[in-house]
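A.B. asks: Now for the letters of each chain:
6 protein chains.
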Amino acid sequence: MSVVVTRIERAPAGVIDGLAKVGVATAHEAQGRSGLMHSSLRPIYGGARIAGSAVTVLMPPGDNWMMHVAIEQLREGDLLIAATTSLCEDGYFGDLLATSAKARGCRGLIIDAGVRDVRDLTAMAFPVWSRAIHAQGTVKETLGSVNVPVVCGGALVHPGDVVIADDDGVCIVPRANAVQILEQAKEREAREEAKRQRLAAGELGLDIYDMRERLASKGLTYV
Amino acid sequence: MSVVVTRIERAPAGVIDGLAKVGVATAHEAQGRSGLMHSSLRPIYGGARIAGSAVTVLMPPGDNWMMHVAIEQLREGDLLIAATTSLCEDGYFGDLLATSAKARGCRGLIIDAGVRDVRDLTAMAFPVWSRAIHAQGTVKETLGSVNVPVVCGGALVHPGDVVIADDDGVCIVPRANAVQILEQAKEREAREEAKRQRLAAGELGLDIYDMRERLASKGLTYV
Amino acid sequence: MSVVVTRIERAPAGVIDGLAKVGVATAHEAQGRSGLMHSSLRPIYGGARIAGSAVTVLMPPGDNWMMHVAIEQLREGDLLIAATTSLCEDGYFGDLLATSAKARGCRGLIIDAGVRDVRDLTAMAFPVWSRAIHAQGTVKETLGSVNVPVVCGGALVHPGDVVIADDDGVCIVPRANAVQILEQAKEREAREEAKRQRLAAGELGLDIYDMRERLASKGLTYV
Amino acid sequence: MSVVVTRIERAPAGVIDGLAKVGVATAHEAQGRSGLMHSSLRPIYGGARIAGSAVTVLMPPGDNWMMHVAIEQLREGDLLIAATTSLCEDGYFGDLLATSAKARGCRGLIIDAGVRDVRDLTAMAFPVWSRAIHAQGTVKETLGSVNVPVVCGGALVHPGDVVIADDDGVCIVPRANAVQILEQAKEREAREEAKRQRLAAGELGLDIYDMRERLASKGLTYV
Amino acid sequence: MSVVVTRIERAPAGVIDGLAKVGVATAHEAQGRSGLMHSSLRPIYGGARIAGSAVTVLMPPGDNWMMHVAIEQLREGDLLIAATTSLCEDGYFGDLLATSAKARGCRGLIIDAGVRDVRDLTAMAFPVWSRAIHAQGTVKETLGSVNVPVVCGGALVHPGDVVIADDDGVCIVPRANAVQILEQAKEREAREEAKRQRLAAGELGLDIYDMRERLASKGLTYV
Amino acid sequence: MSVVVTRIERAPAGVIDGLAKVGVATAHEAQGRSGLMHSSLRPIYGGARIAGSAVTVLMPPGDNWMMHVAIEQLREGDLLIAATTSLCEDGYFGDLLATSAKARGCRGLIIDAGVRDVRDLTAMAFPVWSRAIHAQGTVKETLGSVNVPVVCGGALVHPGDVVIADDDGVCIVPRANAVQILEQAKEREAREEAKRQRLAAGELGLDIYDMRERLASKGLTYV
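Residue numbers (numbering that gives the first Met the number 0), protein chains in the order written: chain A, 0 to 222; chain B, 0 to 222; chain C, 0 to 222; chain D, 0 to 222; chain E, 0 to 222; chain F, 0 to 222.
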């Protein structure tokens, strides 16, 4: 039941970095409004905008033993995605684990549970998106798994998927789609830039998007 | 059912700006501890303290079409108040809509739902108070209404009411009462300033407010 | 029923300051993973790391009268711990009460309810950990108690216990244990520092903590 | 600030009883999907389906004094609608108040807070929809208002509005619209009955509502 | 750190049974509106009204090992009070443990976590008040303690305290106060019975409790 | 993006019925404590214990159009599993849809959103597990998908998986594992029955499971 998958496929580094640049909201739209985690996962500090390859870890409530196992599987450019087998807000991760993850090139942590030592993590510039900030300690007694598919923050994550995280939240792009989604996201960005300028100049979305007729036909009435 | 009210009354600009200065807590007290929205609506960044005239918009869950309709109704000095017909945390509003709203003089957004592009909104200094930060995209299929009375964050808002928002939350002052509430709020501020100095000097509220006798008569016992 | 206990024992100042330095997570671990408040109590601003002696106050919902009574019991180096007799998010405490508490040497407030005037409190550098930020005003009609044991944020607090609070949350160290817990916490810190350096150099926790054999014996499988 | 409005208009008894019969879901649909309270208000026992004229009461947290004031305003066929000025789950209402309300012809209570003595209330067949069941007692110190407009469970309620409550929740029908909404609701019921029979016979909604073409034109693909 | 206290004092059986009869709401009022657990603890089935002596157990998240240890400490007439060291909704208890507890004379379980096999528990008439119903299984790896003071549902419970539980929730009566609280509760019941009859006959609380003058002096206005 | 998969594999009917009989808790344990949905999904009435093959539907917030599409895909013995693309509590399903689903042999609905007409559904004996009971109506404007993998209540569900639901919640057994899990579950039941009798006779789990030595070696102390 408890396995560590040691070989996972990753998306090309350039694609991952491109997805970091377009950010969560745009990538989410580009893939048809899918892949977002719940809004309950929030960054411990503002301003980080990253992407990486998912290394996943599934742990029991109140037990962070598998974190150590997962860290060995991390490579430069990875993001650690941590899920629990049941609801838990304990502080699974702190500055020591972050030091170790960082030494292996890990770019950050997404955890559907709690984190602690957030002052140190902030000072280290090691970004974390978590459901809670909680100092509650954990034990090391029960196994879990590494690099199996997990549901984290309501989103399905396969090992090697591209994970994008910024102030808007966390979005999963399936590895096989990453190249195409990046392209679509860039096109979307380009389209948006043109619209941004027209809107800034005072044009209305009602006119730019040609909405008035459709609104009227649906029955919208001005009084 | 779906209407846009195009003419609304607004409070005088000087009164609105005065209410921004006294802030949420004082205005709320000055009007008899009423008008506050729930504590679940929080600012996306700290430090903003604004007031404006309410332009209201009511939308279905997961559908932000009426945002575009509402923006046309905004004038210099307005605040957009967005409510949904049922519980929703989707990201109804982002940097494009903010660009458009700002071009029309809108001072900010209060939304009992989600918002996205918060890094851009912060950079633009466009303040938002929301129930969630969530990148989740929305559709444009179903009508709602603009400038009808709405319940937002548990508070009743009529179009043209004065909305005050700062780090303490959001407070609604009915338009017809704005002048009087501002006056009462200023008096309260003046009274508080005198007390602040006495308290800072080490005097106790127990003495300043003459509470000891009443406490004893209620049965308070020191042991 | 409503009493004010005027004499409480406090831990030595040096011990309290030592506990502030080790912080919440380490002290919590040092005392066997106990004493933490719920993760729902969060600081109104980041970066504060304090400890003090608990002066407790128990209040009815929506009524902050006893705050004034409690403030008289505060001494230099104390922390005010406020609990309510039932669930409440009202703003029991603002800048006037903070001014008064600060004048008596109080280092901060922990409240399982709401707080307001957070901009002023931040400017005064008066740290607060609360369940909510809410401007909602309260009345002064019903008694409570001061310096009785209270449950605050799910943790039992006796007057005079040492309270540690930082970005990770709030931890209670019973007064009688404070000297010993500080010593254990410092030892833990020393041990962690050595490990931090090894982890930063790329060694794995799996090896440092000698986990591989025990993991295998529990059935962990690499594939 | 604290007022009791002693004269309110009510809808005709026959209309109210008709609305009870159509129930919450149908009435809510008949008035354009508006008027529903939050799903957090639940009945203390199953099976009740009632309607009545709203007598409203607004109370501070933890203080049920105004309940006694409100009860005097109740008439045969009324429903008591209780809101609080801030979030509270205390048990504002129990078997004594229910006995008094029932003696005046009150049909039930809707409260955006807590209730207690639920075993007795069930035995009395006095239905209550509440946010919580909680024995927590309240004080009688601070005024509120009776028969003013209130926001209860997120819905705006004017005194004299028709309130419908059943296992699906609580719906408000503005008094002035009650006759028309009842008529529309009955038409809806009639239409639904015909459809129910066709669906029970195995016909599909896809065919009855002629949806296939519109689905295809939107891009739905069968694989 | 992990202890089992094998000798605890209990209140007299007659007092405990008397408190069961008065119920949660009345006992809570009789002891000055204290001792209640949060409203989030609900019975798995309606109608049970019990009291017993508290045998307490404190467990880590997701680990029910100490349940077996606690059961050995149960005697005829006890109630098991289960708390966790951090937030958890797992199903710590099911029909096998209930069978064992019942065999030792245990009257029920109060747990600030989850329970499972609720159909069987209901069929056995073994009442449980819990925060969740959840089938999630737990491990047996980490120690906790039995018969130490715990915070459960926000209430402090000492071993041997009297626990009352019914459809209104759960109330703790400290053992040393049990005789006196029972007496006060019975007096309260007697007073309430007289009032119930007057209220049922149509008299108003406003008159029975002589409230009109005090309401008027506070400023209540009828319009 | 919006697809309907028309052919799915199902587990053998006998296996499905066997899994219904063992129930959620036992099946969940038999497959290594996995597959459970969140405790927030609760049955609308007690006592139902069913299993079926998953037909999945993914819908936008506030839009139940795809329900009609999904119903056509239902066969005798199926269960409908409904997820939404973002958080929503609206009433997606009521008595008309239930009538249609039942006519096609559907055994029940699991929905991570709201349901309405619960009195009628109860009368029809059509069981539903939902996150909310809410009359809130929905629109039919935006596509979703049928028979794609979905995350529902935090659990991953593939079309054709076996879904078990009873008073303890909802558990997913992947189709390919169903035969084996049923066998393991039955073995577990048999083992439990033997233990139940010993426990009922007063033997302790401490002795039956031979726990005393291991507890002592971990440091458990009796005082």
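Misleading hints may appear alongside valid ones.
Heads up, the list lumps identical chains together, so a pair's fine if it works in one copy or across two of them.
Said to hold, decoys possible - Capping the alpha-carbon separation at 30 Å, the derived lysine-lysine pairs in DSS-like fashion look like this: (1) 20 / 194; (2) 20 / 185; (3) 101 / 139; (4) 101 / 20; (5) 139 / 20.
These are computed hints drawn from the structure, not numbers from a lab.
A.B. asks: Hint by hint, note whether the structure agrees.
C.D. replies: Comparing the hints with the structure gives:
1. Taking CA atoms no more than 30 Å apart as the test, residue 20 paired with residue 194 passes inside one copy only; the shortest distance there is 19 Å, against 35 Å between copies.
2. For the homomeric pair residue 20 and residue 185, the shortest alpha-carbon distance inside one copy (10 Å) is at most 30 Å, but the shortest distance between copies (43 Å) is not.
3. Proximity of residue 101 to residue 139 under the C-alpha cut-off of 30 Å is restricted to the intra-copy arrangement: shortest distance 21 Å within a copy versus 33 Å between copies.
4. When the C-alpha separation of residue 101 and residue 20 is checked against a cutoff of 30 Å, the pair qualifies both within a copy, at 21 Å, and between copies, at 25 Å.
5. In this assembly of identical chains, residue 139 and residue 20 lie within 30 Å of each other by CA distance solely across copies; the values are 27 Å between and 37 Å within a copy.
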